[in-house]
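For chain D, the structure is supplied; the task is to place chain G on it using the hints.
For the protein sequence lines, the chains are D and G, in the order given. Here the working numbering is used: the first residue of the first sequence is 1, the next is one more, and so on. Here the working numbering is used: the first residue of the second sequence is 1, the next is one more, and so on.
Keep in mind that the hints were calculated from the coordinates and are not lab data. Misleading hints may appear alongside valid ones.
[Unchecked claim] Selected chain G positions facing chain D (in silico; Cβ < 10 Å): (1) Asp45; (2) Phe86; (3) Gly93; (4) Gln95; (5) Ala100; (6) Gln101; (7) Ser138; (8) Ile149; (9) Leu286; (10) Ile289; (11) Ala350; (12) Leu352; (13) Thr360; (14) Val389.
From the three backbone atoms N, C-alpha and C, an ideal C-beta is built for every residue, glycine too.
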Amino acid sequence: MSLNATQLKHVAHLSRIALDEAKIPALLNDLNAILAFAEQLQDSKLDALAPMAHPLDQSQFLRPDIVTEENNRTALQQGAPAVERGLFLVPKVIE
Amino acid sequence: MSSHAGWEAVIGLEIHTQLATQSKIFSGAATAFGAEPNSQACAVDLGLPGVLPVLNAEAVRMAALFGLAVGAHVALESTFDRKNYFYPDLPKGYQISQLAQPIVSGGAVVIAVGEGDKAVQKTIHLTRAHLEEDAGKSLHEDFAGATGIDLNRAGTPLIEIVSEPEMSSAAEAVAYARKIHAMVQYLGICDGNMQEGSFRVDANVSVRRRGDTQLGTRTEVKNVNSFRFLERAIDYEINRQIELIEDGGRVQQQTRLYDPNKDETRMMRTKEAADDYRYFPDPDLLPVIIKPETLEAWRASLPELPDAKAARYQAHYGLSAYDSSVLTSAKQTAAYFEQTLAAMGKAGDAKLVANWVTGTLAAQLNKEGLEISLSPVPADLLAQLLLRVVDNTLSNKLAKEVFDAVWAGEGTPDGIIEARGLKQITDTGAIEAMVGAILAEHPDKVAEYRAGKDKLFGFFVGLVMKAAKGKANPQQLNDVLKSSLGSCGEEGGV
Numbered sequence: 001m002s003l004n005a006t007q008l009k010h011v012a013h014l015s016r017i018a019l020d021e022a023k024i025p026a027l028l029n030d031l032n033a034i035l036a037f038a039e040q041l042q043d044s045k046l047d048a049l050a051p052m053a054h055p056l057d058q059s060q061f062l063r064p065d066i067v068t069e070e071n072n073r074t075a076l077q078q079g080a081p082a083v084e085r086g087l088f089l090v091p092k093v094i095e
Numbered sequence: 001m002s003s004h005a006g007w008e009a010v011i012g013l014e015i016h017t018q019l020a021t022q023s024k025i026f027s028g029a030a031t032a033f034g035a036e037p038n039s040q041a042c043a044v045d046l047g048l049p050g051v052l053p054v055l056n057a058e059a060v061r062m063a064a065l066f067g068l069a070v071g072a073h074v075a076l077e078s079t080f081d082r083k084n085y086f087y088p089d090l091p092k093g094y095q096i097s098q099l100a101q102p103i104v105s106g107g108a109v110v111i112a113v114g115e116g117d118k119a120v121q122k123t124i125h126l127t128r129a130h131l132e133e134d135a136g137k138s139l140h141e142d143f144a145g146a147t148g149i150d151l152n153r154a155g156t157p158l159i160e161i162v163s164e165p166e167m168s169s170a171a172e173a174v175a176y177a178r179k180i181h182a183m184v185q186y187l188g189i190c191d192g193n194m195q196e197g198s199f200r201v202d203a204n205v206s207v208r209r210r211g212d213t214q215l216g217t218r219t220e221v222k223n224v225n226s227f228r229f230l231e232r233a234i235d236y237e238i239n240r241q242i243e244l245i246e247d248g249g250r251v252q253q254q255t256r257l258y259d260p261n262k263d264e265t266r267m268m269r270t271k272e273a274a275d276d277y278r279y280f281p282d283p284d285l286l287p288v289i290i291k292p293e294t295l296e297a298w299r300a301s302l303p304e305l306p307d308a309k310a311a312r313y314q315a316h317y318g319l320s321a322y323d324s325s326v327l328t329s330a331k332q333t334a335a336y337f338e339q340t341l342a343a344m345g346k347a348g349d350a351k352l353v354a355n356w357v358t359g360t361l362a363a364q365l366n367k368e369g370l371e372i373s374l375s376p377v378p379a380d381l382l383a384q385l386l387l388r389v390v391d392n393t394l395s396n397k398l399a400k401e402v403f404d405a406v407w408a409g410e411g412t413p414d415g416i417i418e419a420r421g422l423k424q425i426t427d428t429g430a431i432e433a434m435v436g437a438i439l440a441e442h443p444d445k446v447a448e449y450r451a452g453k454d455k456l457f458g459f460f461v462g463l464v465m466k467a468a469k470g471k472a473n474p475q476q477l478n479d480v481l482k483s484s485l486g487s488c489g490e491e492g493g494v
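With the rest of the complex left out, here is chain D:
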């Protein structure tokens, strides 16, 4: 498996990463080397094994349905670039 430039741009767009056109050949080279490395896994014989959701052989801890968090808005919004009437402000999202 290897990526071409179109696929790379698509994945970059989905991840909202800005790509410098000049760097695309070098990036493709690096990414495809990583993919080739990972591709060795395809040679493993896994037919007899069930897919594993998590490497730890444990199950999810469940917490009781109790409200434990208090309103901590002031502190939590200190790092926000813009806040108005309790709302986080972000650049206009057009649907």
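Leaving out everything else, chain G in the frame of chain D:
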């Protein structure tokens, strides 16, 4: 629709049901509706670095209850995946959901298609119901060049209930949505409030020529916050697609928003392909294990559900299939019916109560757009009113008048009967006195009646009723009049 003979619609629904937990699915923040913006959004809900999700046990129980109620497979092991997309109301950049191993898969509900006694039953199968977290809310108005983000809703537990594309009309889709809506409320796992977004229905709609086996390209209709709008939005979308194809166009796969003011759908966005979400198992969450004995305990805890309740109403109270299904279609309606009947005690008459709840009361609620839980005539007052019908204090006509007065807030039925002097005259002595007086005023007519002019009986009934201002019990009046005319005749013969 008649112009569209030869076409059929294929509809599947995705219903986002907010679970009625106190705290969020992965954090201890509160889920109450209507709080100050971002006052119920903690570090986990904000997706701050270093936080970890811890699953809410109650969300798991509620999801499993739903699965048990619809006869689905409830997975003893289910897993969480990340669904990746960028939007400001999803601060982590992914939604925690279940793709590969959902907690609930399969199951079915039965809906009634058509009205009244002509209704036929149709089974709608479910694909799955999976646990996931809700996103926050974006407010696009009021901020020049900016969008306001409220993350109170972020992390609210949801089950997304996905149906198979087995509905073929807007009416069927509404019947299915109503059935699921009733079930989640019977189960107590969702408050069902559509205006507040607790129960959000998205419709996948496509059309094809009758006989085609291939599915047409579908659109997804969102932003429907009532059953009435759901029906109108789907009807609009079916017609739009048929007309588009008949005019030589092609339906594009896209998400469309319903605008209730204009009664139309319009494009919101062309849909990204599913694999653009780049799902992968969430490494922060371990597999969720439900012990078989826990599942059995939950199964044993299931309440009586709408279909079982309707069957009991038919068998136990002798109600019709239609009345039973109407009464059980919402938990509150069934509760109102049962409360009214119970409040009437030994004099309770299930058919009479059913007629009033599905007739007069339902019509009045519908007219004013009220939920039954907010009825101005509560169950105990309807019971008091119907007791006065059972004991013949009120005729049906007068009962309706008293009902309207209770609705208008004029007091209790007994108080209104007293204040308006509406009490039906059932005192035999009083009726005899009125009959005696009328007969004494019309000796000539009495003589004609006795001579064989039977038709005059109605004349006497009318005069006595007029004297009684319409309040004499009709049956008693008949009886008294008959015996008086008869006994008078005997006396006259002496």
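Now the hints, each set against the structure:
no. : hint   : result
1   : Asp45  : 9 Å, holds
2   : Phe86  : 5 Å, holds
3   : Gly93  : 8 Å, holds
4   : Gln95  : 15 Å, violated
5   : Ala100 : 8 Å, holds
6   : Gln101 : 7 Å, holds
7   : Ser138 : 6 Å, holds
8   : Ile149 : 4 Å, holds
9   : Leu286 : 4 Å, holds
10  : Ile289 : 4 Å, holds
11  : Ala350 : 38 Å, violated
12  : Leu352 : 43 Å, violated
13  : Thr360 : 41 Å, violated
14  : Val389 : 46 Å, violated
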